[in-house]
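Chemist: The residues making up each chain are set out below.
2 protein chains.
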Amino acid sequence: MPYPSNHSAMALFVQRLASHTPLGAEARQALISLPAQRIDVRAHVDFVQVGASSDHVNLVAEGLVGRFGQTGDGRRQIVSLHIPGEVADLQSVIVPQAMTALTALTGSTLLRVAHDDLRRVGLEHPAIATAFWRACVLDAAIVQQWLVNIGQRPARSRLAHLFCEMATRYRHLDQSDGRRYRLPMTQEQLGDALGLTSVHVNRTLQGLREERLVAVARDSIEILDWDALASAGEFDRTYLAAA
Amino acid sequence: MPYPSNHSAMALFVQRLASHTPLGAEARQALISLPAQRIDVRAHVDFVQVGASSDHVNLVAEGLVGRFGQTGDGRRQIVSLHIPGEVADLQSVIVPQAMTALTALTGSTLLRVAHDDLRRVGLEHPAIATAFWRACVLDAAIVQQWLVNIGQRPARSRLAHLFCEMATRYRHLDQSDGRRYRLPMTQEQLGDALGLTSVHVNRTLQGLREERLVAVARDSIEILDWDALASAGEFDRTYLAAA
DNA sequence: CGCTCAGTTGAGTCATTTCAAACGTTGTGG
DNA sequence: CCACAACGTTTGAAATGACTCAACTGAGCG
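Quick mapping for you: the protein sequence lines, in order, are chains P and W. With UniProt numbering as the guide, the letters of the first sequence map in order to residues 1 to 243. With UniProt numbering as the guide, the letters of the second sequence map in order to residues 1 to 243.
Among these hints, one or two may not hold up.
[Unchecked claim] If you want the footprint, here are the derived chain W segments under chain P, 3+ residues with CB under 8 Å:
#1 37-49
#2 75-87
#3 91-104
#4 140-147
#5 150-159
#6 233-239
If you are wondering where the hints come from, they were derived from the structure by calculation, not from laboratory data. Computed from a prediction, not measured in an experiment: that's the story for all the values here. For every residue, glycine included, the Cβ atom is placed at its ideal position computed from N, Cα and C.
Let the sequences and hints guide you as you build the complete structure.
Modeler: The structure is reproduced here in C-alpha cells:
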C-alpha cells in the first residue's frame with residue numbers, strides 16, 4: 001500500500017497549500033517542523049464530538065475521515081470526506097467549537113497540530129494565513145457542490161458525482177491513474193454522504209455496475225468509463241481545480 | 001420600511017465582523033471608508049455568473065440575494081441566502097473565479113467593494129484578515145447545516161428549519177422581535193433553496209399554516225409558535241451563535 | 001383591460017424509504 | 001481448523017413522500 005507514512009502527511013498538506021498560495025521555503029519549513037502528535041483511531045470512532053471545543057486540528061495521515069452533521073433523531077449526514085494530506089477541521093483554528101463531528105470511516109491515523117502553533121506561524125508568515133483561509137474556502141466549495149448534488153440530482157447521479165470527485169482528489173495523492181482508488185466506505189456510509197438509504201445505495205450501485213461504468217470492490221472503486229460516469233454525475237472538475 | 005440605506009450596510013457588515021473578531025477603531029474606520037460602488041439589481045437578475053472572475057465583492061445593502069449552484073439540465077440549487085449587511089461572495093477575495101452564481105431574489109441594492117482594497121486593509125490590519133477568514137468559516141457552517149437539512153429531513157422540517165434560521169439571522173438586522181420578518185421569496189425559490197418542487201413547497205406550507213406554526217404573507221413570514229417550529233425543524237441556533 | 005407572474009389544486013406516477021429476512025465474508029477464540 | 005459472532009451486502013414486498021403534468025385562480029401592473 002503506497003501510502004504516506006509518518007509526517008510525510010504534513011509535507012503533503014504543505015505541498016497542497018503551496019500549490020495555490022506561493023509559500024517561501026522558510027514558511028514551508030516552519031509548517032513542516034511544527035510538533036504533531038500521532039493518533040490512531042479505529043473505524044467508526046468519533047474523535048471529535050459536536051459541540052466540543054478543541055485546541056488542535058486533525059491532519060489525516062492515513063485512512064478516511066468523515067465530517068458529520070447530526071439530526072435530532074440520530075440520522076447523520078456526512079458533509080465532507082477527508083483523505084490523507086488534508087486537515088479535516090482547519091476551521092477550528094478560527095472557530096474552536098465544533099459544529100460537526102469527525103469520525104474515522106475506516107481505521108485511520110491522524111496528526112494533531114496545536115491551534116496556537118498554527119496561529120503563530122500564520123502571524124509570522126502572512127502567506128500561510130492566506131493559505132489557510134483559502135483552504136477553508138476550497139473546502140466550502142466542495143460542500144456547496146454536495147449541496148447541489150443532494151438537492152437536485154437523483155441517486156444515480158449522486159453516486160457518479162461522488163466517485164468522480166474522489167477520483168480527482170485522490171489523483172494528487174498517490175500515483176493512481178485516476179481510474180482506480182481506495183474508498184473504504186460501507187454502503188451505509190455512502191448513504192450518509194449522499195442522503196440515501198443503504199438499501200437504495202446498494203441497488204443504485206448495482207445499476208452502475210451493470211452499465212459497466214464502475215467496478216466496486218470491497219474498499220475500492222474502479223472507474224471503467226470515465227466519460228460516461230462524469231456525464232451521469234454531471235461532474236465538472238472546475239471547483240476542484242484549485243484543490 | 002426600516003431598512004439600512006446608503007452605506008450604513010457597510011457599517012452593519014463591520015459591526016458583525018467586529019462582534020466575533022475584536023477590531024480596533026482604526027481598522028473599523030479603514031473598512032467603513034473604503035470606496036464602494038452602489039448598484040441596483042432587479043429581481044431574478046444574475047449579477048455574477050458561474051465561472052466569471054470578478055475584482056470586487058458584493059455587499060448586500062437592501063433586498064435578498066441567493067447564491068446558486070447549477071446542474072447540467074438547468075436545475076438550480078440555492079446554496080445560501082444573503083440579507084442586508086452580509087457580503088455574498090467574500091470568498092472571491094481569495095478565489096476570484098465564481099463557482100456559484102449570484103442572483104437578486106427580489107429587487108436589491110448592492111455595494112461593490114474592490115478586492116484590492118480589501119486585501120490591502122487585510123494586510124494593514126491582520127485582525128481584519130482574520131475577521132474575513134472567520135466570516136467565510138461561518139458562511140460555510142450555514143451551508144453545512146443546509147446540507148444536513150436537505151440530506152436528512154423531510155419537507156416540513158426543511159421549511160421549518162429555514163424559517164427559524166432566517167428569523168435568527170434577521171434579528172441582528174432591524175428591531176424585529178424575531179417573530180416577524182420580510183422574506184421576499186417565491187415558493188419556487190423556496191423550492192430551489194430546499195431541494196423541493198414549488199408544488200410541494202406550496203402544500204407543505206399549507207400544512208404549517210393549518211398547524212398554526214407560521215403565517216405566510218406575500219413577502220413576509222410570521223412565526224406563530226416558535227417552540228413548535230424550532231422542534232419541527234430541529235433547529236439549534238448554536239451554529240449561528242457567532243453569526 | 002388584458003397580460004404576466006405567483007399561487008393553488010387534482011390526479012397519476014415514480015423514486016426512494018421502510019421493514020424484514022437471508023446471505024456472504026471476515027476475524028476470533030476454542 | 002472449525003464454529004461462531006459481527007458486520008456488511010443483497011433481496012423482496014409494501015408503503016409513501018415527492019414529482020410531474022396540467023389546468024385554473026388570483027393579484028399586480030402597464
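Chemist: Hints first: check each against the structure and report whether it holds.
Modeler: Evaluated hints:
1. Residue count for the stretch 37-49 of chain W with a Cβ under 8 Å from a Cβ of chain P: 0. That is fewer than the three needed, and the coverage hint is violated.
2. For a cut-off of 8 Å, the count of residues in the stretch 75-87 of chain W with a CB near a CB of chain P stands at 4, and the three-residue condition holds.
3. With 6 residues carrying a beta carbon less than 8 Å from a beta carbon of chain P, the stretch 91-104 of chain W meets the three-residue requirement, and the given coverage holds.
4. Counting residues of the stretch 140-147 of chain W whose C-beta lies closer than 8 Å to any C-beta of chain P gives 7; at least three are required, and the coverage claim holds.
5. For the stretch 150-159 of chain W, the assignment as covered by chain P holds, since 4 residues bring a beta-carbon within under 8 Å of that chain's beta-carbons and 3 suffice.
6. Using a Cβ-Cβ cut-off of 8 Å, 3 residues of the stretch 233-239 of chain W lie near chain P, which meets the minimum of three, so the contact claim holds.
In summary, the one numbered hint that this structure violates is 1.
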